[in-house]
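To get my numbering, take the position in the sequence shown, counting from 1, and add 11.
It is worth saying that the hints were derived from the structure and are not from the lab. Careful: at least some of the hints might be erroneous.
Pairs of lysine-lysine residues, derived as DSSO-like cross-links and limited to a Cα-Cα distance of at most 27 Å, are as follows [unchecked claim]:
{"hint": "1", "residue 1": "K165", "residue 2": "K26"}
{"hint": "2", "residue 1": "K171", "residue 2": "K139"}
{"hint": "3", "residue 1": "K271", "residue 2": "K165"}
{"hint": "4", "residue 1": "K26", "residue 2": "K39"}
{"hint": "5", "residue 1": "K139", "residue 2": "K231"}
{"hint": "6", "residue 1": "K164", "residue 2": "K139"}
{"hint": "7", "residue 1": "K164", "residue 2": "K68"}
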Amino acid sequence: MFEATVALLTYNGEKYLAQVLEMLQRQKLPPKEILAIDSGSTDGTLQILEAHRIPVKQISQSEFSHSGTRNLAARLSSTRYLVFLTQDATPADNCWLECLLRPFQEYPEVAGVFSRQVPRPDADPLEKNDIRLDFPSKRAIKKLGPESPMDRKKIWHWIKFSNSSSAYDLQILLKHPFDERLSIAEDQEWANRMLEQGYTLVYEPDSVVLHSHAHTIAQKFRRHREMGSAFSSFLQSRLGKRSTVLESGACFYHIFLDAKFISRLSTPFFQKCKWMAVSPFHRAVIHYAYRRGWNNTSLFLVQKPEQPFD
12 MFEATVALLT YNGEKYLAQV LEMLQRQKLP PKEILAIDSG STDGTLQILE
62 AHRIPVKQIS QSEFSHSGTR NLAARLSSTR YLVFLTQDAT PADNCWLECL
112 LRPFQEYPEV AGVFSRQVPR PDADPLEKND IRLDFPSKRA IKKLGPESPM
162 DRKKIWHWIK FSNSSSAYDL QILLKHPFDE RLSIAEDQEW ANRMLEQGYT
212 LVYEPDSVVL HSHAHTIAQK FRRHREMGSA FSSFLQSRLG KRSTVLESGA
262 CFYHIFLDAK FISRLSTPFF QKCKWMAVSP FHRAVIHYAY RRGWNNTSLF
312 LVQKPEQPFD
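Let the sequences and hints guide you as you build the complete structure.
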């Protein structure tokens, strides 16, 4: 029988937290325990956790990091499996946890599994398109072998992983913790290491969470700059530096994908025009920010976060 701890990293998360907790309580396979680690909430987060009788470990904002706080959650857990769920990722149904844990039984040497994400109804078209592309409907079982090396062209497929909704074999995670130097992308750096050491990772699309953001362009710039720096810290030796913002046509390709997606939406024509006009600026900013981070790996060192969720 699966026994899992669900760890919630919280900070001013009252907007969706009650909804998340209600869905956790509806699971057909309920978690053995739910643990919250809060880093100084000043809204109603602590009251919501108290109302749902969730034990809380309180830390200061200066102590929080995506990697270090998750390692702390692993040390506090006592079950075979540890599940990370961000405070704004709502399980879509009562089978979320059961489906997320199932691959541990179906495949050998599974170190981690992550869920499919679908955007909330109020997400903007660019956010919806990103999530659609990143989280398809087909399961992926990832394991390196003599006939399937992590080649340069497919490296992003191999290391794709997300702690917004994920499950870990606790003993493997304790033996191979997250890299606490990273301010972001700790999940994908960990995935890279685990694949290289022969473990299996699974993307399970039957486990679904509602999860999307409404970040400002400034927040997107900061986030993608940090992501570029974090990824570069462990991938630049294989992929090299990025010389131009529009390298390999990736920026233009994303603009094309946005236009294709937006054109098919059942929204008013003027709304489609608006988002098609926004897309080139949006893509240019995040590609530029990513390049800046990629070529400056000093940014990957842990910094004080704006919010403790991905």
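Okay, the hints, checked on the actual structure:
no., hint, in the structure
1, K165 - K26, "violated, 37 Å"
2, K171 - K139, "holds, 18 Å"
3, K271 - K165, "holds, 24 Å"
4, K26 - K39, "holds, 25 Å"
5, K139 - K231, "holds, 15 Å"
6, K164 - K139, "holds, 25 Å"
7, K164 - K68, "violated, 42 Å"
Hint check: violations occur at hints 1, 7; the rest are consistent with the structure.
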